[in-house]
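Q: Sequence:
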Amino acid sequence: MITNQQIIALIYSAIDELNATREGEQVVKDENTALYGSASLLDSVDLVNLLLTLEELLEDELEVEYVIANEKALSQKNSPFKTIDTLATYLTNALNEQ
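Taking the numbering used here, the leading residue of the sequence shown gets -14, the next gets one more, and so forth.
No wet-lab data here; the hints were simulated from the structure. Where hints are given, some of them may not hold.
In silico DSS-like pairs for lysine-lysine, Cα to Cα no more than 30 Å straight-line [said to hold, decoys possible]:
{"id": "1", "residue 1": "K62", "residue 2": "K14"}
{"id": "2", "residue 1": "K14", "residue 2": "K57"}
{"id": "3", "residue 1": "K67", "residue 2": "K14"}
{"id": "4", "residue 1": "K67", "residue 2": "K57"}
Computed beta-carbon distance windows for the label pairs [unchecked claim]:
{"id": "5", "residue 1": "E50", "residue 2": "E2", "range": "18 to 26 Å"}
{"id": "6", "residue 1": "Q83", "residue 2": "E8", "range": "31 to 39 Å"}
{"id": "7", "residue 1": "V30", "residue 2": "Q61", "range": "17 to 25 Å"}
{"id": "8", "residue 1": "E46", "residue 2": "N4", "range": "15 to 23 Å"}
{"id": "9", "residue 1": "T(-12)", "residue 2": "V52", "range": "19 to 27 Å"}
{"id": "10", "residue 1": "E8", "residue 2": "M(-14)", "range": "16 to 24 Å"}
{"id": "11", "residue 1": "N34", "residue 2": "E56", "range": "14 to 22 Å"}
{"id": "12", "residue 1": "V49", "residue 2": "D1", "range": "14 to 22 Å"}
{"id": "13", "residue 1": "M(-14)", "residue 2": "R7", "range": "29 to 37 Å"}
The structure presented is a predicted model; accordingly, all values stated were derived computationally and were not measured. No residue lacks a Cβ here, since even glycine has one placed at the ideal position from N, Cα and C.
Please construct the entire structure, taking both the sequences and the accompanying hints into account.
A: So, in structure tokens, the structure goes:
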């Protein structure tokens, strides 16, 4: 079983990789950090890069292949990409349902 804390740790690793490529303000590693929407520091390209890096980390660290921005995620009434916490919760639930 994959835990929420494992997923948060992977998200933080993906943020570290993203921050290494960013000039200026860095994305804060906090569960309430906005990833999507008007409160987010990320533009659409940054968000896509973060998700792709996270997919690679899921495969490398947990040996799980999963497309994060899939139809299920994109059709949610409340976006799973809103904050680090919502993304972690969504992924934990989705991966444990596989």
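Q: Now tell me if each hint is right for this structure.
A: Right, here's what the structure says about each hint:
no.: 1; hint: K62 to K14; result: holds, 25 Å
no.: 2; hint: K14 to K57; result: holds, 26 Å
no.: 3; hint: K67 to K14; result: holds, 14 Å
no.: 4; hint: K67 to K57; result: holds, 15 Å
no.: 5; hint: E50 to E2: 18 to 26 Å; result: holds, 19 Å
no.: 6; hint: Q83 to E8: 31 to 39 Å; result: holds, 38 Å
no.: 7; hint: V30 to Q61: 17 to 25 Å; result: holds, 22 Å
no.: 8; hint: E46 to N4: 15 to 23 Å; result: holds, 19 Å
no.: 9; hint: T(-12) to V52: 19 to 27 Å; result: holds, 21 Å
no.: 10; hint: E8 to M(-14): 16 to 24 Å; result: violated, 39 Å
no.: 11; hint: N34 to E56: 14 to 22 Å; result: holds, 21 Å
no.: 12; hint: V49 to D1: 14 to 22 Å; result: holds, 20 Å
no.: 13; hint: M(-14) to R7: 29 to 37 Å; result: holds, 33 Å
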